[in-house]
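Chains E and S are the protein sequences, given in the same order.
Under our numbering, residue 314 is the last one in the first sequence; the count climbs by one each step, no gaps.
Under our numbering, residue 1308 is the last one in the second sequence; the count climbs by one each step, no gaps.
FYI, nobody ran anything at the bench for these hints, they're computed from the structure.
Where is the CB? At the ideal position from N, CA and C, for every residue including glycine.
Careful, some of the hints might be misleading.
So these bits of chain E aren't anywhere near chain S, every CB distance computed over 10 Å [unchecked claim]: (1) F19; (2) R106; (3) A126; (4) Q143; (5) K185.
Each pair of labels, with its calculated beta carbon distance range [as the list claims (entries may be wrong)]: (6) L1286(S) x Y133(E): 30 to 38 Å; (7) D137(E) x R1298(S): 54 to 62 Å; (8) Y133(E) x P1280(S): 43 to 51 Å.
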Amino acid sequence: MSDRAKTLLLHGGVLVLLFALQFVLPAYHHGNLARIMVLASFAIGYNVMFGYAGLLSLGHALFFAAGMYGLGLAVAHGGADPVSGLLAGIAAALAVSVAVGLLALRTSGVAFMIVTLMFAQVGYLAVLYFGTYTRGDEGIVLQQAQRVLWGIDLTQPGARYFAALLLFAVCLLATLGLVRAPFGKVLIAIRENEERARMLGYDVFRYKLAAVVISGVLSGLAGAVYGLLFGFVGATFASVQYSIFPLLWVLLGGAGTVLGPFVGTLFMFYLIDLSSAVTSAYMLVAGVALVLLTLFAPQGLVGEIRNRIWRWLP
Amino acid sequence: MDFGPYLMLASLEGAVTAAVLALTAIGLSLVFGVMRVVNVAHGEFFMLGAVLAWWVASHVGGPPALGFIVALAIAPLAVGGLAALADMTVLKRVNYDPERTIVATIGILYILQQVTLMTYGPEARPVEPPFNTRLALPWFEWGENGFQIYWPWGLSTTSYKLFVIGAAAAVLIGVWILMARTRIGLLMRATQLDREMALAFGIPVERVYATVFGLGGALAALGAVLIVPTQQAHYLMGGDPLLLSFIVVIIGGLGSLPGTVAAAILIGLSDGIISVFFSPMLAKILATMLVALVLVFRPQGLFGSGEK
């Protein structure tokens, strides 16, 4: 079997498995998995920038929140239907990611990390500052009537799961296509050796900007869908914690692997879920995981599998 | 109160902020300068200093001054030791790779913060200041009767706040003497200039790194012990000092110690003055945005001297 066939079989198999799981999972895990698939789409967006282009952003909550608030504000204050809401979310994420990309890409390395962190902090503070519209920490709650898409009630668990799966499938297949295309190869070349990529005649800045925009839009889309499916748009999603989470998920699952973000999100979600039942200091798990991962498994779970068993994993 | 006395009050509050900020930021700047890594857990070292100060002060009997003095000695030592330990067990093993260090220190941040939450709890607790005399301040004015001195109502500070400013200045001079006049300072500067060459000359670079990281943590903790009698110790208090220290270190030019102190005074004073006259949230938004843009368009900082 060729590598291409194996790749399609594996990723298709994962999607089919996720589709089948909705019929057997108990209600609690059913709801969790829907949430995980949306968050994994956020992680997939993060992975385009961090895993493939090698740009470590500490401010991805900004893009997630841009999409989420684009949708939330349009639906709650503009009276938009979910489709226009989603489009508003995507437009917001697009605008923010172009602006951040143009500015932040003038720096590199540590400065890039701090600049993205600060832009995200500005976004978070702005959400609190415009509390009249965003309702700050309390957040906007979307009513059931505002969450009906083409006659499908997205507050129903079945419809919600399916919508989450659809989003996840689109993001997964999009990145799979992206990394197999020449564009993805150039991103990897830039990650491995930027000078050499420039010497070969690639316009490095434009490729990196494209990576930031694709990553920002995917993250924003995930944010908008999260707001729509779970009916809550709050300032927490713009906070530093939501910039750290995608980094953690991608590192755990494996940066620069297509399936890694999902695997990482799945593991970390349940790890935090289990530990928050025991203690209120559940972020301790995230801290320990970050330190252990940087020390012992910088490649992440899927990355280790690729190193040891399946060398063809994209 | 008139505008003049009001401004003076705001500047005094700003000077206290600036003094503590200078201590915290100089720790971050030292670590960045010598080791070329960004320590995201720096704010948690600050928080640990405050929490330890509360712990020591509440376990030492006698007058509040005794507990405070013991805390002033123990908290920075303990935090410095912990920081050096973190350096040797974690940072050394990722070879001080800039990006992996940031990820690892984010992990350390959460570990320290959450362990504090588990042990110390979510309450905010005060530490009693060793002395706290209220000092009324005079104001001068040219009135109808010529030059006169009067004592506006509300224009006052406390002896403790003045002590914080003095103590911070003394520590900063101490750090400068350490860097410029001692052997260990020489070793640090040599390591900063050229790590490979320092190693070749037999400088124990790993021990220098552990010392610098420990010193950075100890300075943050010292700033926290000084400020905790006027604020309260809380497990989430590390966020703001971290952000402000970042701002100061960037404005001052990454790794430049005089620049860091100048920027700390500038930021501390303007923070005190701005937050008296404007909405603190808006001030924070504008300051953060401005600093991000400084980093984008003038990465050597406002006081830095061009590309090296």
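We went through each hint and held it up to the structure:
The non-interface label for F19(E) is consistent with chain S: the shortest C-beta to C-beta separation is roughly 34 Å, beyond 10 Å. At the 10 Å boundary, the C-beta of R106(E) falls inside the reach of chain S, the nearest C-beta of that chain being 5 Å off. A cut-off of 10 Å between C-beta atoms contradicts the statement that A126(E) is not in contact with chain S; the least separation is 6 Å. With a closest Cβ-Cβ approach of about 29 Å to chain S, Q143(E) is found to remain outside the 10 Å limit, as its non-interface label requires.
Interface exclusion of K185(E) from chain S stands, the closest Cβ pair being 22 Å apart, more than 10 Å. At about 19 Å, the beta-carbon gap between L1286(S) and Y133(E) misses the expected band of 30 to 38 Å. Here the CB-CB span from D137(E) to R1298(S) is close to 35 Å, at odds with the stated 54 to 62 Å. One distance hint, 43 to 51 Å for the beta-carbon pair Y133(E) and P1280(S), is violated here, with the actual separation near 20 Å.
This entry does not satisfy hints 2, 3, 6, 7, 8, going by the numbered hints stated previously.
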